[in-house]
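Taken in sequence, the protein lines are chains Y and L. Note that numbering that gives the first Met the number 0 gives residue 130 to position 131 of the first sequence, counting from 1, and the numbers run on in steps of one. Note that numbering that gives the first Met the number 0 gives residue 286 to position 287 of the second sequence, counting from 1, and the numbers run on in steps of one.
All the given hints hold, so there is nothing to weed out.
Pairs count within a copy or across copies, as identical chains cannot be separated in the list.
In silico DSS-like pairs for lysine-lysine, Cα to Cα no more than 30 Å straight-line:
| hint | residue 1 | residue 2 |
| --- | --- | --- |
| 1 | K249 | K14 |
| 2 | K97 | K249 |
| 3 | K249 | K158 |
| 4 | K97 | K158 |
| 5 | K4 | K53 |
| 6 | K15 | K249 |
| 7 | K100 | K158 |
| 8 | K158 | K109 |
| 9 | K158 | K37 |
These are computed hints drawn from the structure, not numbers from a lab.
Number of protein chains: 2
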Amino acid sequence: MSELKNDCLMRSLLKKPASRTPVWMMRQAGRHLPEYRKLRRKAGDFMSLCRDPKLACEIAMQPLRRYELDAAILFSDILTIPDAMGLGLHFVEGEGPKFRKPLRTERDIKSLSVINSEDDLAYVLEAVSLIRKELDGSVPLIGFAGSPWTLAAYMIEGKSSRDFVLAKTWLYQHPEILHQLLQKLTLSLIDYLNAQIVSGAQVIQIFDTWGGILSDAAYEQFSLAYTREIITNLISRYEDREVPVVLFTKSGGNWLEEIAASGCNAIGLDWTVSLREARRRVGARVALQGNMDPTVLRSNPECIESEVRRILDSYGSGSGHVFNLGHGITPDIDPLHVSVFIEAVHRYSGA
Amino acid sequence: MSELKNDCLMRSLLKKPASRTPVWMMRQAGRHLPEYRKLRRKAGDFMSLCRDPKLACEIAMQPLRRYELDAAILFSDILTIPDAMGLGLHFVEGEGPKFRKPLRTERDIKSLSVINSEDDLAYVLEAVSLIRKELDGSVPLIGFAGSPWTLAAYMIEGKSSRDFVLAKTWLYQHPEILHQLLQKLTLSLIDYLNAQIVSGAQVIQIFDTWGGILSDAAYEQFSLAYTREIITNLISRYEDREVPVVLFTKSGGNWLEEIAASGCNAIGLDWTVSLREARRRVGARVALQGNMDPTVLRSNPECIESEVRRILDSYGSGSGHVFNLGHGITPDIDPLHVSVFIEAVHRYSGA
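Just chain Y, same shape as in the assembly (with noise of 0.2 Å):
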């Protein structure tokens, strides 16, 4: 691992000890910072900034500028294969993502064809690639991608929902066909994660944002089973060194075990699950991310350091934590109270 000048997030994600917790923020290139909101304002909308590969890696080393993070992310969506099977994603103001073409019948999904990255999602791998020449090998970059489950529940629903009630009614009243499109998603994003890896994505994160609204049994059958055989298919190395996979539940706090066996490398955790609990409940497999509620970062200094030293106790003393929040950073968050979040972090956790 020469190339790389700080590896404390390589040596986390693989549970080897570290000089310091790693520490990176979901959502940390985006509309908490003003000179995102500046180049938004600029070209328009989000997906514009998305599909200009220099644009994406400008945005994605933002955050690195501010603060002293462990990471990279790349600057993309979550809902990038959709679009590019053609179902036309766009933001509308207040409302998060929308499909202008989502699925509603069988025969929407029989059409629905499993994408080619280097065609169909090129501008992605050209922003990947070009983040990682940035970063110059100072810190690691992180490729990302939705789960099937989480892909499937946005392009039946075409929005975000509360319950995504129109694919959970599929799910219970046409398993076939839903089982049909997270088959077609799955091999389109082994296809697309891989890519990103080849273009030089170093670790993969993939986000089951809705998988937490699923009974138990259908998350094994229709989204832990998918998210295994993607995570079995990646490239396990490149360039000389494991690619480590971190699987990120929303609200997936029942399932720890079964997630660790997934063969991922980390799981990611909201901050409804105690790092403590989590570690006893599946013991020394997989490295931990998370998980502070994002909530703290509106509060002031004094509570957020302290919260960030409640997180570092209960996980403990041995390597395999890699810091985050719970889930993304939201809009309205001051930069100030994120410098003082990841200056805690390193002060409190470094040797």
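Guided by the hints, dock chain L onto chain Y, whose structure is given.
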């Protein structure tokens, strides 16, 4: 228990053998029933129905005429206490509950008085008496209220919310003020729930609808500690019969052991938890109530029956299971599907 004709629910909540698995549904009296919608159109708004004991009684009885339910539940709202405290509860179609005067400052909290149910919530107690009388011992009557944290979250936020950012910001920024509010709510709830018991409620359910959005540490301090205090102070026997307490925490799967130790008789579970796993984790201490995803009721009779069987099988053969949905039934459900559901529970669990 001689006067109760159907004592399946009481027996199961107390972990005694019952002739079949009892079943009831959260929000069984409400918008999925055409006869309810008719009354609602006449009365105008939701709170007018709650405030009229005769109407509330009629509505509580409606689902019992259609379905072979093993319990009735008081028709009311979890937010009657904040309303009695002067916050001005009202309902906006499609948006859920709202308060005219949400809590904004420390002074707002200091000016709140602990309620006296006999004076401030007489209409609820009268509804309890009437329903109990109308039931005439056919099935037991469940009384209920929201947990202190759930009430506080709505009172600060002023309305429903995906993540209750304002309430959680208070929690981190002004924990001592939030504790003052929770203490007032706890005292009010002890008074209110005991008054429901004295008026005729034979089971109490506490809804901690928003406990699951808290961090592990905050859940213990700001939610469970207060609910525990309530349970400790409830009348445990009345009219020579135990009064079982069900604690339902939506998304509370991470904390089953702690909930089981709260003093409750039964844990209400949403669908993300496997009943088998829940039973393994909490041992023989408490009964378990749940946990079919209400979305299943949108599918078809075959699917409903197979989910019922799967859930009964996952609980196994021991006593102490009360069948329910994992959250309230939604307005879009066809009553014919509900009949299939209730009958399936009885058929597959009956002797």
